[in-house]
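Number of protein chains: 2
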Amino acid sequence: MSRLKSDELKKLHQKKYRQQFGCFLAEGEHLVLELQKAAETNPALLESELYVSDSYQDWPGPLHKTVVSDKLMMQMSDTKSPQGIIASVPIAALQHSEPAPVQRAVYLFETQDPGNLGTILRTLGWFGNFACLLSPGCVDPYNAKVVRASMGAIFHVPVEIDVPLSTLASRYAAIGCLDMQGEKLTSGTFHQSDCLVFGNEARGVPAEQLDAMNARAFSIPGCGDVESLNVAAVVNMCVYEINREN
Amino acid sequence: MSRLKSDELKKLHQKKYRQQFGCFLAEGEHLVLELQKAAETNPALLESELYVSDSYQDWPGPLHKTVVSDKLMMQMSDTKSPQGIIASVPIAALQHSEPAPVQRAVYLFETQDPGNLGTILRTLGWFGNFACLLSPGCVDPYNAKVVRASMGAIFHVPVEIDVPLSTLASRYAAIGCLDMQGEKLTSGTFHQSDCLVFGNEARGVPAEQLDAMNARAFSIPGCGDVESLNVAAVVNMCVYEINREN
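Order-wise, the sequence lines are chains A and B. Each residue of the first sequence is one higher than the one before, starting from 1 at the first, in UniProt numbering. Each residue of the second sequence is one higher than the one before, starting from 1 at the first, in UniProt numbering.
Honestly, the hints are just simulated from the structure, not real lab data. Each hint can be trusted.
Simulated crosslink set (PhoX-like; lysine-lysine; CA at most 25 Å straight-line): (1) A:Lys80 x B:Lys80; (2) A:Lys80 x B:Lys145; (3) B:Lys10 x A:Lys80; (4) A:Lys80 x A:Lys16; (5) A:Lys145 x B:Lys80; (6) B:Lys80 x A:Lys10; (7) B:Lys11 x A:Lys80; (8) A:Lys80 x A:Lys10; (9) A:Lys145 x A:Lys37; (10) B:Lys80 x A:Lys15; (11) A:Lys71 x A:Lys16; (12) B:Lys80 x A:Lys11; (13) B:Lys80 x A:Lys16; (14) A:Lys80 x A:Lys65; (15) A:Lys10 x A:Lys71; (16) A:Lys145 x A:Lys11; (17) A:Lys71 x A:Lys11; (18) B:Lys184 x A:Lys184; (19) A:Lys11 x A:Lys65; (20) B:Lys5 x B:Lys65; (21) B:Lys5 x B:Lys71; (22) B:Lys145 x B:Lys15; (23) B:Lys16 x A:Lys80; (24) A:Lys5 x A:Lys15; (25) B:Lys5 x B:Lys15; (26) A:Lys80 x B:Lys15; (27) B:Lys145 x B:Lys65; (28) A:Lys145 x B:Lys145.
So these bits of chain B aren't anywhere near chain A, every CB distance computed over 12 Å: (29) Arg3; (30) Phe21; (31) Asp211.
Note that the coordinates shown come from a computational prediction; the quantities given were computed from them, not determined experimentally. From the three backbone atoms N, C-alpha and C, an ideal C-beta is built for every residue, glycine too.
The task is simple: from the sequences and hints, build the whole structure.
Structure (structure tokens):
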């Protein structure tokens, strides 16, 4: 990856420039350590660049380092008090060109909230047996808030963006959709699902498309006074249920 | 509750003034509707006041309304684009003076993140059978971000603040603590727990205090590359597990 100029680095807060330059920023010690750990098994991540303030110029590890001014650090940072260490990471390194190994997928339909997506990635990274597919209109997974909330899972969990709902039927044999009304997760059919579809924070998933792919509806019954669960909470419970007996 | 003056309303973003004036703000149509619904069974909430912009002056319901200037609305609002309807809610209305009915509790030790606390309250409100106890040093549950993320659960879930860890042993018979190493949630002993203790986002819970109260350790095994789960994700999975067979 050719090194970015400072005026390019500043623009990586915006999705269109992340796409144009093919990289995103991961800020802070924890994320950089996770990046370095992931690079041990994914050498394409060694193309990442570290941008550091003076106090981090002796930071160890294989990544190329550039010392930058406090001003540029502030401009690159997503927080008010930059830690002083930021990596720019090539997106291509996280895109798996060989056919993905057979595994289950969580499909998020128009999920907008970066904290939710980050938490979901973190949970998928914890259990290790799900890819994450994002519909068109989802928040960009390389958004700084998603990357931070993922706590490094962004470097480990296979993510595919702009996956149309209509393509799932040809890829998965048993699609389940989380809905307000459906079978309980304890039913055997839930455990057979190889793709779980989740609606966004405000609306569900278009019913006619789910019918067309023979998706089965599942739900988590509640008996309290609250109308709905947070989408990340629902994903967490579903992925927990699938992994419960492991 | 005596009505607050405009310079007092503006200060309700700060915890110390929420405590001094005994109320907090709930902003937007959804939260106000949830408040009105909760007031049907908790008449003390009828002491809440609505502050509205011109476009909301015909908003229906039993709460007293005051039309305020756009400027004051901006100052009260936690968002850049205020919806134009904000309630001030008496905290005392949510504090249950009679002894709480026997129910299970989730105890959060020094949870700092408002989004996490809000999501946890929403999940507890969904299942309806857990109170939420907060240790000293937790984020204030009446913080605007918590209230918003709770999606109205703040009006339904019993919450106690400043509960010292050391007082749990006298209140609960079977305390469980979520830790990196412990029994699986599927063990019978987990289901017997009447109080579940969760550490904060960065540190666990002091081990010597847990030993002193004979807390049992439980964990959620993962086999991925990620070091830890988000605390709200762990609470969601635990509360789901407890309610799984209901």
